[in-house]
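The hints should help you fit chain B onto chain A, whose structure is shown.
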Amino acid sequence: MKQSMSFKINGMIFEGEIDHRRTLLEVLRENFGLLGTHKGCDEGQCGACTVLVNGKAVNSCLVLAAGVQGKEITTIEGLARDEKLHPIQEEFINAGAIQCGFCTPGMIMTAKAFLDRNPDPTEDEIRNGLCGNLCRCTGYFQIIEAVTKAAERLRKEA
Amino acid sequence: MKEEFSNIGKAIPKVDGVLKATGKAAFGADTSLPGMLHGKILRSTVAHAKILNIDVSAALQLPGVKAVITGKDFPWGTKFGFSSQYRDQAPLAQDKVRYIGDELAAVAAVDEDIAEEALDLIKVDYEILSAVFDPFEAMKEGAPLIHETNPNNICAEAHIEFGDVEKGFRESDLVREDEFHTQAVKHGFIEPHAALALWEPSGNVTIWANKQSPYVASRKMAMALGLKPSQLRLVQTYIGGGFGSARSDPHALDFCAVMLSKKTGRPVKIVYTMEDVLVMGEMRHPFHMKVKTGMMKDGTLKAMQIYAVLDGGAFTSIGPITLGLAALSTDLPLRIPNVKYDAVRAFTNKGHCGSLRGHGVPQIRWALGQQLDMMCNELGLDMAEVSIKNAVHTGDITPRGLKIQSCGLTECIEKVVAASGWKEKRGKLPPYRGIGMSTGSYYTGVRISGHNSASCIIRMNEDGTASVQTGATDIGQGSSTVIAQIVAEVLGLRMQDIAINSGVDTDFTPLDPGTYGSRVTFYSGNAAKLAAEDAKRQLAEIAGNLFEAKPEDIIFMNRKVYPENNPEKAMKIDALIRHAGQKMSTDNKTIWGRANYDYDLPYMDFKTGKGNASVAYAFGADVVEVEVDPDTGKITVLSSVGAHDVGKVLNLTNCVGQVNGSWIMCQGQAMFEHLIRDSADGHVLNANFMDYKLPTAMDIPRKVEHILVESIDPNGPFGAKEAGEGASVGWLHAFGNAVADAVGERFYDLPITPEKVLRAIKNKQGETGAQSK
Numbered sequence: 001m002k003q004s005m006s007f008k009i010n011g012m013i014f015e016g017e018i019d020h021r022r023t024l025l026e027v028l029r030e031n032f033g034l035l036g037t038h039k040g041c042d043e044g045q046c047g048a049c050t051v052l053v054n055g056k057a058v059n060s061c062l063v064l065a066a067g068v069q070g071k072e073i074t075t076i077e078g079l080a081r082d083e084k085l086h087p088i089q090e091e092f093i094n095a096g097a098i099q100c101g102f103c104t105p106g107m108i109m110t111a112k113a114f115l116d117r118n119p120d121p122t123e124d125e126i127r128n129g130l131c132g133n134l135c136r137c138t139g140y141f142q143i144i145e146a147v148t149k150a151a152e153r154l155r156k157e158a
Numbered sequence: 001m002k003e004e005f006s007n008i009g010k011a012i013p014k015v016d017g018v019l020k021a022t023g024k025a026a027f028g029a030d031t032s033l034p035g036m037l038h039g040k041i042l043r044s045t046v047a048h049a050k051i052l053n054i055d056v057s058a059a060l061q062l063p064g065v066k067a068v069i070t071g072k073d074f075p076w077g078t079k080f081g082f083s084s085q086y087r088d089q090a091p092l093a094q095d096k097v098r099y100i101g102d103e104l105a106a107v108a109a110v111d112e113d114i115a116e117e118a119l120d121l122i123k124v125d126y127e128i129l130s131a132v133f134d135p136f137e138a139m140k141e142g143a144p145l146i147h148e149t150n151p152n153n154i155c156a157e158a159h160i161e162f163g164d165v166e167k168g169f170r171e172s173d174l175v176r177e178d179e180f181h182t183q184a185v186k187h188g189f190i191e192p193h194a195a196l197a198l199w200e201p202s203g204n205v206t207i208w209a210n211k212q213s214p215y216v217a218s219r220k221m222a223m224a225l226g227l228k229p230s231q232l233r234l235v236q237t238y239i240g241g242g243f244g245s246a247r248s249d250p251h252a253l254d255f256c257a258v259m260l261s262k263k264t265g266r267p268v269k270i271v272y273t274m275e276d277v278l279v280m281g282e283m284r285h286p287f288h289m290k291v292k293t294g295m296m297k298d299g300t301l302k303a304m305q306i307y308a309v310l311d312g313g314a315f316t317s318i319g320p321i322t323l324g325l326a327a328l329s330t331d332l333p334l335r336i337p338n339v340k341y342d343a344v345r346a347f348t349n350k351g352h353c354g355s356l357r358g359h360g361v362p363q364i365r366w367a368l369g370q371q372l373d374m375m376c377n378e379l380g381l382d383m384a385e386v387s388i389k390n391a392v393h394t395g396d397i398t399p400r401g402l403k404i405q406s407c408g409l410t411e412c413i414e415k416v417v418a419a420s421g422w423k424e425k426r427g428k429l430p431p432y433r434g435i436g437m438s439t440g441s442y443y444t445g446v447r448i449s450g451h452n453s454a455s456c457i458i459r460m461n462e463d464g465t466a467s468v469q470t471g472a473t474d475i476g477q478g479s480s481t482v483i484a485q486i487v488a489e490v491l492g493l494r495m496q497d498i499a500i501n502s503g504v505d506t507d508f509t510p511l512d513p514g515t516y517g518s519r520v521t522f523y524s525g526n527a528a529k530l531a532a533e534d535a536k537r538q539l540a541e542i543a544g545n546l547f548e549a550k551p552e553d554i555i556f557m558n559r560k561v562y563p564e565n566n567p568e569k570a571m572k573i574d575a576l577i578r579h580a581g582q583k584m585s586t587d588n589k590t591i592w593g594r595a596n597y598d599y600d601l602p603y604m605d606f607k608t609g610k611g612n613a614s615v616a617y618a619f620g621a622d623v624v625e626v627e628v629d630p631d632t633g634k635i636t637v638l639s640s641v642g643a644h645d646v647g648k649v650l651n652l653t654n655c656v657g658q659v660n661g662s663w664i665m666c667q668g669q670a671m672f673e674h675l676i677r678d679s680a681d682g683h684v685l686n687a688n689f690m691d692y693k694l695p696t697a698m699d700i701p702r703k704v705e706h707i708l709v710e711s712i713d714p715n716g717p718f719g720a721k722e723a724g725e726g727a728s729v730g731w732l733h734a735f736g737n738a739v740a741d742a743v744g745e746r747f748y749d750l751p752i753t754p755e756k757v758l759r760a761i762k763n764k765q766g767e768t769g770a771q772s773k
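Residue numbers (our numbering), protein chains in the order written: chain A, 1 to 158; chain B, 1 to 773.
For reference, chain A alone in the conformation it holds in the complex (with noise of 0.2 Å):
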């Protein structure tokens, strides 16, 4: 049944007419075309589609859209401020953590959540912290000097 929503995403309302059993993927992708966000398994296998709800990272294709209304979501659309790249994400584009770029924005989205929650992480950490998000191209490794990297900047930074 459609019931009239309002999400609060990268700090702007979206509202729309929902079918109560969307998932939040769906709705973002279908109704909101944020696109950066991606379906990879759609059963919270593969953590493509990760995203932030309240500054915690979730799969939302396994969140109902109706169930995060009023949280604060935040999409890879929403990293890069003023047109400048987040340090994550720069710092993935540098270490060649990026290959096909299908299960990047997740796999960022899962980095800042984490950085945020440990900002001073080991290797074995950063490895633990990633292990929800799946890549078949980099083999990882990169991925895991781009985070590491991107801690340092933030600390510094911060």
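Note that these hints are calculated values from the structure, not bench results.
All C-beta atoms, glycine included, are put in the ideal place defined by N, C-alpha and C.
Among the hints, erroneous ones may be present.
[Claimed, not checked] Label-pair ranges, simulated between beta-carbon atoms: (1) A:Lys56 / B:Asp600: 32 to 42 Å; (2) A:Cys131 / B:Met571: 53 to 63 Å; (3) B:Gly64 / A:Ser6: 21 to 31 Å; (4) A:Arg155 / B:Glu378: 49 to 59 Å.
[Claimed, not checked] Which residues of chain A face chain B? A few of them, derived with a C-beta cut under 8 Å, are: (5) Gln3; (6) Lys39; (7) Gln45; (8) Cys100; (9) Phe102; (10) Phe114; (11) Leu115; (12) Asn128; (13) Cys131; (14) Thr138; (15) Phe141.
[As the list claims (entries may be wrong)] With a straight-line cut-off of 27 Å between C-alpha atoms, the simulated DSS-like cross-links for lysine-lysine are: (16) A:Lys56 / B:Lys693; (17) A:Lys149 / B:Lys24; (18) B:Lys24 / B:Lys72; (19) B:Lys96 / B:Lys262; (20) A:Lys56 / B:Lys96; (21) B:Lys428 / B:Lys762; (22) B:Lys569 / B:Lys634; (23) B:Lys10 / B:Lys693; (24) A:Lys8 / B:Lys24; (25) B:Lys262 / A:Lys149; (26) B:Lys96 / B:Lys50; (27) A:Lys84 / B:Lys24; (28) A:Lys149 / B:Lys50; (29) B:Lys24 / A:Lys71.
Structure of chain B alone, referenced to chain A:
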């Protein structure tokens, strides 16, 4: 003297990095058109059956359903495939279904949910046939025939023989015979297949799809749809991972999007679920191998015999090529005078197999590389020394006719031995720690038959920039970046001065067969280099007139152009381009650099396997160190060190990324991945990423190190060879050797799971009654 480059060899970020990091790169499912319908595909629920009738009437009555199609909606009897001899796939099943998952029908509806609901309303009447799932059973007399055209379910065979193997074995001090097996693994890309098609009233059709070899896919599609190639335009989107034929071939969704668009007059999009992707055909061939090797006491290789049975699944796909490519492992990377190679690919009632990173070679190396380790151990020899002793060298022509024009194999082995501590660690590690090594070689573009050449067009712009159109497909490996680097290097420009097309459009971009066989850097890179040189030559002629100098003496550097001995006369390149294109005379000229590249290699004899298969061969050597937990059987990869002869590093970041990715795909096959099937009906039991386990960031080696060896190939662009697949060739057996060293027992099939390790440890303890290895 070392040549100085402004950007070749540097760690230059990807040209599409910002788009991808900000979520703005449009992938397959991101493309939409006004009035678009959504499609879904119905798959067979039985392994082998005649289709008696498909009743779609109830589905058509569901509100929101706009069309339903079956095999009858496509040209009856028209099949597609990679060559005329092997065309056996239809857009949708026509006469019968051949595996659980085979595509039968498709629905277009106003949304995906309705389309999916409509699938349940389609009624299929089958006449069940007996099915066969094991390739050895399939080849027996009386086995059910999957294709009536192929007796004994034999899809294809390959036989290669040189020297005299029997004599070679007689002359050997040690002869070993072993059997090895590999399993079915999937490409494992994270982006499912997607297609959006628009049939226009003119009869022309456009399809937007995530294809890594768009020209291959569009030709096959036109063939099966009964269209002229020019009537079908394929526009490639960004691609969420490729790795092989799953992204090169057209699939049911591509054909059905087109046909449903024709039927409804509206654009139709079909996006597969991950379950679709894992259930459908396209995966790495499982190999069943008997290998026999003869060696002298000093480690000299004398003879090798291989018998391989490939489990092909229900269709041919590219399988006959797999049989041929796998034979690379016979006389590369080690010299061997006597070889007999017999391989057969059998049809079974399962999803079909195709090409996947390394295409057949990792499987054979898994067997041969482990057997070599076993023989070295038996003779008390060091595998590194034996590998160096038998290594091929630049200038070799192998007995089969492979011509080695650049080879850094010996250097790779020496460097990986030094960097890994192989000499210090081998035989001296504590219990349940092990070390193993490997060598490998891979083609840089395969020359077996068909279209291989690449082309490129470069337009010089009035502001001093260059617009590059390549036919190459960047699937994440970074070809767009490398091609831009090559053009910038030749023309003395910066990376930001180069614009390059982000995808192939078969109506407009230069022709190029696509991304496979590790051909792109070499072929498309050479085409780009030649096209840039063509543009440079034209500009140099004009500059020569202006400077009263010879065109060949004009230097292009830092966006300036000047005569070799007179840099103070330098003119900005944008001024030169404007001078050429905008002067008020009849000889004004827009500068277009154009080139086509192919290497003049005679076709190899497909029947005998004799001749040269590739213009250049990459080489490598890996050392892997593992630790095994004797209580749980869990394996931890402590380190992986590799030396890779890539010819010349064009982009350091990309190069390292390619070998990293290649290794970790292999680690998945070595330790976790296995497409498991029900033994009674062959259906896939683990069609999701929870049960089909790709490696995660937690699973990868604790440490990696890459040594990039530059052998400077005489024909490669700036000397470059391939880097993305060769690294996959050795890892499986380096790992196998390391685990055998740690456990003291050999593993003959994949993946090496904790259960298998525990069983082996128990067996070992039963034998020796001791705790240590």
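Now for the hints, and whether the structure bears them out:
In this structure the hint that Lys56 of chain A and Asp600 of chain B lie 32 to 42 Å apart at CB is violated, the actual value being about 60 Å. Taking 53 to 63 Å as the suggested C-beta distance range, the pair Cys131 of chain A and Met571 of chain B conforms, at roughly 56 Å. One distance hint, 21 to 31 Å for the beta-carbon pair Gly64 of chain B and Ser6 of chain A, holds here, with the actual separation near 27 Å. Here the CB-CB span from Arg155 of chain A to Glu378 of chain B is close to 55 Å, well matched to the stated 49 to 59 Å.
Residue-level restraint check for Gln3 of chain A is violated (minimum Cβ-Cβ distance to chain B is 17 Å; threshold 8 Å). Annotation: Lys39 of chain A was flagged as interfacial toward chain B, and the flag holds, the nearest CB pair being 6 Å apart, inside 8 Å. Restraint check, Gln45 of chain A versus chain B: the minimum CB separation of about 4 Å is within 8 Å; hint holds. Because the smallest distance between the Cβ of Cys100 of chain A and any Cβ of chain B comes to about 3 Å, under 8 Å, the interface hint for this residue holds.
At its closest, the beta carbon of Phe102 of chain A sits 3 Å from a beta carbon of chain B; the interface hint therefore holds under the 8 Å criterion. Annotation: Phe114 of chain A was flagged as interfacial toward chain B, and the flag is violated, the nearest CB pair being 11 Å apart, outside 8 Å. Among the interface hints, the one on Leu115 of chain A is violated; its C-beta lies about 15 Å from the nearest C-beta in chain B, farther than the 8 Å criterion. Interface hint status for Asn128 of chain A: upheld, as the beta-carbon distance to the closest one in chain B is roughly 6 Å, under 8 Å.
For Cys131 of chain A, the suggested interface contact is upheld, since its CB lies about 4 Å from the closest CB of chain B, less than 8 Å. Residue-level restraint check for Thr138 of chain A holds (minimum Cβ-Cβ distance to chain B is 5 Å; threshold 8 Å). Taking 8 Å as the C-beta contact cut-off toward chain B, the hint placing Phe141 of chain A at the interface holds, the least distance being around 5 Å. Taken as a hint, the Lys56 of chain A and Lys693 of chain B pair is honoured in the structure, with Cα atoms around 25 Å apart against an allowance of 27 Å.
At most 27 Å may separate the alpha-carbon atoms for a hinted pair to count; Lys149 of chain A and Lys24 of chain B meet this at roughly 23 Å. Between Lys24 of chain B and Lys72 of chain B, the direct Cα distance comes to roughly 40 Å. Violation of the 27 Å bound is thereby established for this hinted pair. The straight-line distance between the Cα atoms of Lys96 of chain B and Lys262 of chain B is roughly 25 Å, inside the 27 Å bound, and the hint therefore holds. The hinted pair formed by Lys56 of chain A and Lys96 of chain B fails the criterion: a straight-line CA distance of about 50 Å is larger than 27 Å.
A distance of roughly 23 Å separates the Cα atoms of Lys428 of chain B and Lys762 of chain B; the hinted pair therefore holds under the 27 Å criterion. This hinted pair does not check out: Lys569 of chain B and Lys634 of chain B have alpha carbons roughly 69 Å apart, beyond 27 Å. About 35 Å separates the Cα atoms of Lys10 of chain B and Lys693 of chain B, which puts this hinted pair outside 27 Å; it is violated. For the hint linking Lys8 of chain A to Lys24 of chain B, the alpha-carbon distance of about 20 Å falls within 27 Å, and the restraint holds.
Taking the CA atoms of Lys262 of chain B and Lys149 of chain A, the gap is near 52 Å; set against the 27 Å cutoff, the hint is violated. Restraint check: the Cα-Cα separation between Lys96 of chain B and Lys50 of chain B comes to about 4 Å, which is no more than 27 Å; the hinted pair holds. At most 27 Å may separate the alpha-carbon atoms for a hinted pair to count; Lys84 of chain A and Lys24 of chain B meet this at roughly 15 Å. Of the pairs offered as hints, the one joining Lys149 of chain A and Lys50 of chain B is violated, with about 59 Å between alpha carbons and a cut-off of 27 Å exceeded.
For the hint pairing Lys24 of chain B with Lys71 of chain A, the CA-to-CA distance comes to about 24 Å; that is within 27 Å, so the pair holds.
Against the hints set out earlier in the document, violations occur for numbers 1, 5, 10, 11, 18, 20, 22, 23, 25 and 28.
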